[in-house]
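Visitor: In case you want the letters, here they are:
Protein chains: 2
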Amino acid sequence: MPDSRPIAVLGGTGPAGMGLALRWARAGQTIIIGSREAQRAKQSAEKIQQKAGSQARISGMENSAACAAADLLVLTVPFEGQATLLKQLKPAIRSGSILIDATVALAAAVGGRASRTLGVWQGSSAQQAAELVSKEVKVAAAFHNLSAELLNGSDALDCDVIVCSDDAGASQITLALAAKIPGVRAIDGGKLENARMLEQITALLIGLNIRHKGHAGIRITGLPPEAYRAAVES
Amino acid sequence: MPDSRPIAVLGGTGPAGMGLALRWARAGQTIIIGSREAQRAKQSAEKIQQKAGSQARISGMENSAACAAADLLVLTVPFEGQATLLKQLKPAIRSGSILIDATVALAAAVGGRASRTLGVWQGSSAQQAAELVSKEVKVAAAFHNLSAELLNGSDALDCDVIVCSDDAGASQITLALAAKIPGVRAIDGGKLENARMLEQITALLIGLNIRHKGHAGIRITGLPPEAYRAAVES
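Residue numbers (the working numbering), protein chains in the order written: chain R, 490 to 723; chain G, 490 to 723.
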């Protein structure tokens, strides 16, 4: 994947989107922060630029403009905003785009606890996303379980990223993107329907964070070395 | 917890039950293997004795007799056998007993895939167990995510055990039992309702094992040291 292929982080002004954008900007990727308001997107892009350094390539745009400017899209919005945003963006998302969904249907979306999930008719937030975009968009699910606070720091993360998709190409790109985050090992988790299990883990980790006061992540142990894809230390 | 307090592993002739029994027998616990047939229980107990050594205290009994002889019960049956067994054992389980449920509602129970789960009305297999026993029985959920094959070996496990229970005493006992397994770190996962997330992880790990040919486990990272309980190396 060439570093010049821009990644649009939609709804990217929140902590998870900013953190992912920061890590990818540091890794040399070209980043577009998308937001409902172009001005807010630009402000977030400037903040990330300050942290990532002047060589980082990062800009901010309204979400639809970001979709027009990129075909590699990462969705980092709270569940309550996911469906509305995707319905609105559907005409703007280019055919053949890859949409990486990091949404988790936390019960917080309807005023409940972030340590519980809602049942999603389609099976998972990622499958809801797949239903809401055109069939020519390839959907992957990933990045549910990375601590936003740790992403926004400088240390390597102690967490694996499991990637689920029904499209082999989208899986490969998403695995490569995950492996660009220092400390992350990317693991192919199979079909998009498996995203529902990844989303449950987020709620579990949030509960552990509340109970034990930490920034929990997960590591998958016991797989052969070739199952893990990690950044080559430079 | 005194080592002489016997642990009855109900439905303990399967790989998961045998593996847990082996590890606890090696750690000095007194073990009773429970099975529908006393003879089968005795055979399994002998097999474990051979692996654990002559100093190990282990016997085999029919499940009801095992319940009469112990108030620390570990349930390791496939989901399709859980409800029937608990209804049958309800009169035999002593008031005040701790029942540790390791059941996962895999779709394999109804001829589906072991990498998918069934929806359980009560929320999880563990909550179904709690509904099926008397109110005086304290239910905990744990040990869903330990590889049976690795448990039956000799190496330390590379896996954490998250314990969920509504009873603080049952949680503490279960955490202590988990920490007796070499390599395992035990983590308090809060209320019994959280077991549904642990059960999802089992299906995820089974899917990863099928895809990548391994014996997957999980580690929880990012919690403060006091959140982890592990065996003191002797």
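Worth double-checking, as some hints may not be accurate.
As the list makes no split between identical chains, a pair holds if one copy fits it or if it spans any two.
[Said to hold, decoys possible] In the BS3-like style, the derived pairs of lysine-lysine whose C-alpha atoms are separated by at most 30 Å in a straight line are:
| no. | residue 1 | residue 2 |
| --- | --- | --- |
| 1 | Lys702 | Lys680 |
| 2 | Lys702 | Lys669 |
| 3 | Lys702 | Lys579 |
| 4 | Lys540 | Lys576 |
| 5 | Lys680 | Lys540 |
| 6 | Lys702 | Lys536 |
| 7 | Lys540 | Lys579 |
| 8 | Lys669 | Lys624 |
| 9 | Lys702 | Lys531 |
| 10 | Lys576 | Lys624 |
In short, the hints are calculated from the structure, not lab data.
Visitor: Each of the hints needs a verdict: does it hold here or not?
Guide: Now for the hints, and whether the structure bears them out:
1. In the homo-oligomer, the alpha carbons of Lys702 and Lys680 lie at most 30 Å apart only across protomers (17 Å), although the nearest pairing inside one protomer, at 33 Å, exceeds that limit.
2. Taking the shortest Cα distances, Lys702 and Lys669 sit within 30 Å of each other both inside one copy (28 Å) and across copies (25 Å).
3. With identical chains, the CA atoms of Lys702 and Lys579 are never at most 30 Å apart, being 39 Å at best within one copy and 38 Å at best between copies.
4. Within a single copy, Lys540 and Lys576 get their C-alpha atoms no closer than 33 Å, and across copies no closer than 60 Å, so neither meets the 30 Å cut-off.
5. In this assembly of identical chains, the alpha carbons of Lys680 and Lys540 never lie at most 30 Å apart, being 35 Å within a copy and 40 Å across copies at closest.
6. Taking the closest pair of Cα atoms, Lys702 and Lys536 come within 30 Å of each other only inside a single copy of the chain (27 Å); across copies the shortest separation is 43 Å, beyond that limit.
7. Taking identical chains as interchangeable, the C-alpha atoms of Lys540 and Lys579 are never at most 30 Å apart, the minima being 32 Å within one chain and 61 Å between chains.
8. In this homomeric assembly, Lys669 and Lys624 come within 30 Å of each other (Cα to Cα) only inside a single copy, at 28 Å, whereas the closest approach across copies is 51 Å.
9. In this assembly of identical chains, Lys702 and Lys531 lie within 30 Å of each other by CA distance neither inside one copy nor across copies; the values are 33 Å within and 46 Å between.
10. With identical chains, the CA atoms of Lys576 and Lys624 are at most 30 Å apart within one copy only, with a shortest distance of 14 Å there and 48 Å across copies.
In this structure, the hints that do not hold are numbers 3, 4, 5, 7 and 9, in rising order.
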